[in-house]
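Visitor: Listed below, chain by chain, are the residues.
2 protein chains.
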Amino acid sequence: VLGIEAVLPNGEIWNGLKALRKDNTGYDLKHLLMGAEGTLGIITACVLKLYPKPSTALTAMIAVASPAESVRLLGTLRDAVGDRLVGFELMARNTIAHTLAIFPNMQEPFAAPYDWQVLVQLADTVVDAPLADTLAAALESSLDDGTILDAAIASNETQAAAMWSIREHIPEAEKRRGKSVKHDIALPISRIAEFITRANAALASAFPKAEVICFGHVGDGNLHYNLSFPGSAPTPAQTREANAIVYALIDELDGSISAEHGLGQLKRDEIVKHKSAAALSAMRAIKAALDPHNIMNPGKVI
Amino acid sequence: VLGIEAVLPNGEIWNGLKALRKDNTGYDLKHLLMGAEGTLGIITACVLKLYPKPSTALTAMIAVASPAESVRLLGTLRDAVGDRLVGFELMARNTIAHTLAIFPNMQEPFAAPYDWQVLVQLADTVVDAPLADTLAAALESSLDDGTILDAAIASNETQAAAMWSIREHIPEAEKRRGKSVKHDIALPISRIAEFITRANAALASAFPKAEVICFGHVGDGNLHYNLSFPGSAPTPAQTREANAIVYALIDELDGSISAEHGLGQLKRDEIVKHKSAAALSAMRAIKAALDPHNIMNPGKVI
Chain A
1 VLGIEAVLPN
11 GEIWNGLKAL
21 RKDNTGYDLK
31 HLLMGAEGTL
41 GIITACVLKL
51 YPKPSTALTA
61 MIAVASPAES
71 VRLLGTLRDA
81 VGDRLVGFEL
91 MARNTIAHTL
101 AIFPNMQEPF
111 AAPYDWQVLV
121 QLADTVVDAP
131 LADTLAAALE
141 SSLDDGTILD
151 AAIASNETQA
161 AAMWSIREHI
171 PEAEKRRGKS
181 VKHDIALPIS
191 RIAEFITRAN
201 AALASAFPKA
211 EVICFGHVGD
221 GNLHYNLSFP
231 GSAPTPAQTR
241 EANAIVYALI
251 DELDGSISAE
261 HGLGQLKRDE
271 IVKHKSAAAL
281 SAMRAIKAAL
291 DPHNIMNPGK
301 VI
Chain B
1 VLGIEAVLPN
11 GEIWNGLKAL
21 RKDNTGYDLK
31 HLLMGAEGTL
41 GIITACVLKL
51 YPKPSTALTA
61 MIAVASPAES
71 VRLLGTLRDA
81 VGDRLVGFEL
91 MARNTIAHTL
101 AIFPNMQEPF
111 AAPYDWQVLV
121 QLADTVVDAP
131 LADTLAAALE
141 SSLDDGTILD
151 AAIASNETQA
161 AAMWSIREHI
171 PEAEKRRGKS
181 VKHDIALPIS
191 RIAEFITRAN
201 AALASAFPKA
211 EVICFGHVGD
221 GNLHYNLSFP
231 GSAPTPAQTR
241 EANAIVYALI
251 DELDGSISAE
261 HGLGQLKRDE
271 IVKHKSAAAL
281 SAMRAIKAAL
291 DPHNIMNPGK
301 VI
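As given, the protein sequences belong to chains A and B, one line each in that order. With the first letter of the first sequence counted as 1, position 153 gets the number 153 in my numbering; the numbers rise by one all the way through. With the first letter of the second sequence counted as 1, position 43 gets the number 43 in my numbering; the numbers rise by one all the way through.
Hint data in this document are derived by calculation from the structure and do not stem from the laboratory. Mixed in with the good hints there might be a few duds.
DSBU-like, lysine-lysine: derived pairs with alpha carbons at most 30 Å apart [said to hold, decoys possible]:
hint, chain 1, residue 1, chain 2, residue 2
1, A, LYS49, B, LYS179
2, A, LYS275, B, LYS49
3, B, LYS179, A, LYS22
Since this is a predicted model, take the numbers as computed values, not measurements.
Turn these sequences into a full structure, and let the hints steer you where they fit.
Guide: Spelled out as structure tokens, the structure:
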């Protein structure tokens, strides 16, 4: 986002629709309004920076023994292929299995079921870039040292679409199985593996009949980490307990309880337990200064 | 910058040292403090995202007839080579010529002097990536349709260093020739050519004995655009007049009077003429709310 236009709480229209990559002329009002969920003003227009459409793309499914290996693979691939790596989606075995059970027309590329799989997407602006060769070369050392167990590189668009279809149908399969306590969380990439191991163990012990559905964008440090209660919906007490377990671990590992979805009213009171007093008082001071009558999306965020 | 730590005006230390790519939990204090030049708090630590070191690099000097052709070339290269394009430095003929005159050991790669030249840098994480072939293929259509006049691709590191040396010695050469009225400006990339044409004409007419020194990072829309007064330093009246000509055009073309260097005290009063009342009043409200006693870098920015 290069620029935005917004109606401010005092009724003024701020025209910040600049198409500039660099502009060091005072406070960054654009980033302040973005993500404020309308509580500091209503964004009415924006200028987006566009990127060239890739000419070449490649999809692969890669099997790993655990999330720790997926993080190691991410580092290897970023070193080797750089910005060509545009997707890196981790999926747990049970999460894949439920999706395949509910959508029986889907097929995974491996004969053997692996505990964890990563859907990898590469892209290049260069026409006919040899992405399959580049990926195969990048994966060699990971196969040798056991970081990865298996790899299937899509050889055409149909195979690529089949791999993506599994990933894209996870939320729908989860929904059809029952209600979940959902978490859209972020972690430092280096703590993802520890988080999954410890959170899985704590939740298995607290909720022996529930099941963790885990998938996410490892390159962004962003996991969808949900506790699924097949058959019966989680009670408010169960939801509170599951949240408490997950959020305590996120705090310990310096993560975030909302990576993508924001606070809204659902997490407005919760965030007070996780953000520092310094950050909360700065946020309240800014809200009071820009919207003294609290007319902008009241009751949300703050 | 993924996270920062800062001492806030009320004496609290805000620990925002998170290593997260995504964190949607309230107002973006990090971006608010970054670029505030210390007027909202003192940044005492930060977390940086690192990128893999490129394994392969390539430098080239490309001749174009005018800035408009350089912008067209930028678009062609971004489409063709994508994120491999990591440097795109435009230089005017007189700016190169002065540098070569003051540093006579330097040599440009072309026998004929061209009016404008672009120093292009490509990089790739892939080992032994065929960057010269990729660039040559990307330049083919630009040579055919006349967008570029000539191209010299460095065939080793010595040649690459010689090309970069010309660019890097421009500021020193400018300084040795005399005093300048300096402008560190940003423009939408699509308005760069119009800006240079019109500003050059207006300044040549107002200051027949002075000379424009123009070079910059076209990919960032960022120009160093200085009016050089060889022999005698510009008077305060000349400085004001040169600024007025340049800044009026920047306003008309939706640019910024400070791309990289900030406002400090030099541009604190000037910015009031260029920013909207809505933005200025929001900035003042934030400053008053977070630093009511004006103890943080007083007299700067605002």
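Visitor: Now, for every hint given, state plainly whether the structure supports it.
Guide: Each hint tested on the structure:
A C-alpha spacing of about 37 Å is found between A:LYS49 and B:LYS179, which places the hinted pair above 30 Å, so the restraint is violated. Straight-line distance between C-alpha atoms of A:LYS275 and B:LYS49 comes to about 22 Å, which keeps the hinted pair within the 30 Å bound. With a CA separation close to 26 Å, the supplied pair B:LYS179 and A:LYS22 stays within the 30 Å bound.
Hint check: a violation occurs at hint 1 only; the rest are consistent with the structure.
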